[in-house]
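Make a model of the complete structure from these sequences and hints.
Going down the list, the protein sequences come from chains A and B.
Heads up, the first sequence is in numbering that gives the first Met the number 0, so the first residue is 0 and it goes up one at a time.
Heads up, the second sequence is in numbering that gives the first Met the number 0, so the first residue is 0 and it goes up one at a time.
FYI, nobody ran anything at the bench for these hints, they're computed from the structure.
Don't be surprised by glycine CBs; every beta carbon is placed ideally from N, CA and C.
There could be a bad hint or two in this list.
[Unchecked claim] Pair by pair, the computed Cβ-Cβ distance ranges are:
#, chain 1, residue 1, chain 2, residue 2, range
1, B, Ile91, A, Gly367, 24 to 32 Å
2, B, Val87, A, Pro242, 43 to 51 Å
3, B, Glu41, A, Leu145, 41 to 49 Å
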Amino acid sequence: MFEQTIHALHEQLKAGSLKARELVEAILARCIAVEPQVQAYISLTPDLAREQAEAADAAFARGDIRSPLQGIPLALKDNLCTQGIVTTCGSHMLESFVPPYDATVVRRLREAGAVFVGKANMDEFAMGSSTENSYFAPTRNPWGNLEYVPGGSSGGSAAAVAADTCIASLGSDTGGSIRLPAAMTGVVGLKPTYGRVSRFGLVAFASSLDQIGPLTKDVRDAAILLQAIAGHDKCDSTSGDIPVPDYSQGLDRGVSGLKLGVPREYFVEGMDPEVEASVRAGIETLKLLGAELVDVSLPHTRYAVATYYVLANAEASSNLARYDGVRYGLRAASDGDLLSMYKQTRAEGFGSEVKRRIMLGTYALSSGYYDAYYKKAQQVRTLLRQDFQQVFTECDALLSPVAPTPAFRLGERLDDPLQMYLADIFTAPVSLAGLPAMSVPCGYTQQDLPIGLQIIAPPFQEAMVLQVGAAFEAATDFHTRKPVLP
Amino acid sequence: MISPEQVAHVAHLARLNLSEAEQEQFTAQLGAILDYMEQLNEVPTDGVEPTSHVLDLVNVFREDRVQPMVTVEAALQNAPESAHQYVVVPRIVE
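Below you can see the structure in the form of structure tokens.
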């Protein structure tokens, strides 16, 4: 039963033909069977999960049905603060950090009656595109004989959904960290509009970009999970005070009459031919379903990765200044003064990618370079946003690849940070513009590696993204395929 | 391009001790990444407003009122060293 969706399981739980306790035991048994190979989790919380499942069963028994998530086993990316549960951010720095409060999304899921299976693996402080930057262990993509990365940084959240060690999960996306692993593991991954979901209790990486979102087995589940976490939160002043529609309504509307833009800059030379073929076939499918395709241009696309890495790293270097060995986290042994304690703590607590990004960000913000890098990148960000504003006068949503390649082999890009950054070429511009976007499975390579189609909409139009995704899914069966695990 | 001296200076600003190997590796890698970022100079941006934030939000205020959050004990439970409701750090004055 662990391979089923939230909505299918909810019907059974509601009818009483399935108990949350049975479901959680099936998931925990699945974890024992495949976690040693996949390593999607940093920590499992079986005692809490069983306790929450008991509570869900008791609620169902007295007719108290709070949400479709009641009794559903979920994984949470390990940068979401969970009161009383270690939250490591994939880092040695926070290896034993136990948050004294819940992130707003976590509180909402607890109130909805969800079951927490554990904390999912990630690149350290969400910095990476492969989940190999985790301090603990690299997660393996359940596809491709476990020889490939799951994408990142929410690689654990994606792999857990693909390997059926949870029913759905939450990840976070700064420059592609939900969509990229979703594409590479063959699951659905939705990055909401910046401001749609509260960031309170999400460990900060780049505060003008970070957003929490769902990774699920189908589009309807993404709508259900988004419904549970979306909305204004007084603890996050950047969360939009904009009404939340019913995301499950309208999933059956189809795409007939919609104008879907295909940005020509998203089909670049050097792109993997199998990825291009699958994405183009996916776009054709939507045309056959009645959508009108529009050729559009986003002329500043090629500058997005450089812009993103200047801005994200600048924000990160400031956000990560808090890890100083004083209030929480690691403190290195030091017999010197306060300054040497800071420096030694950060030297020991951070991995090399995090240090590299702190260095880049500090440099970009330092005296004499601020205008050349940081301000310049902020200006190009304006131009990138204007590109999108312009094309959305011509179409309702955009279709593109999620990444230029399918999953790559473990270790393949570790020595070449720039090559790793280029995985974000089609996701970073969307993040810089703050738009909602989703990856849906649209094909497989001959090596049996999943490929994702990215659907992008104007701000706060998650319903449009979901509508297009649901129409695509209803006409295809890519999302139902499962990896073969030993 | 970035020199080893600049790398050492930035590491100090970022409060990071770097090993010799790291210093060497970062000099090469940061140089390559900064070269890549140089392509932003191709983009004409005269008179373009910088974007610091995508939402049209300004000055979100709330009432200045104390609200219960976490207790002092809970707030200090993760501190590497604490005493008498304070965190303890190495001596900072002679």
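For each hint, the structure was consulted:
Separated by about 29 Å at the C-beta atoms, isoleucine 91 (chain B) and glycine 367 (chain A) satisfy the suggested range of 24 to 32 Å. A hinted range of 43 to 51 Å for the beta carbons of valine 87 (chain B) and proline 242 (chain A) is consistent with their spacing of about 48 Å. Between glutamate 41 (chain B) and leucine 145 (chain A) the Cβ separation comes to about 42 Å, which falls inside the hinted range of 41 to 49 Å.
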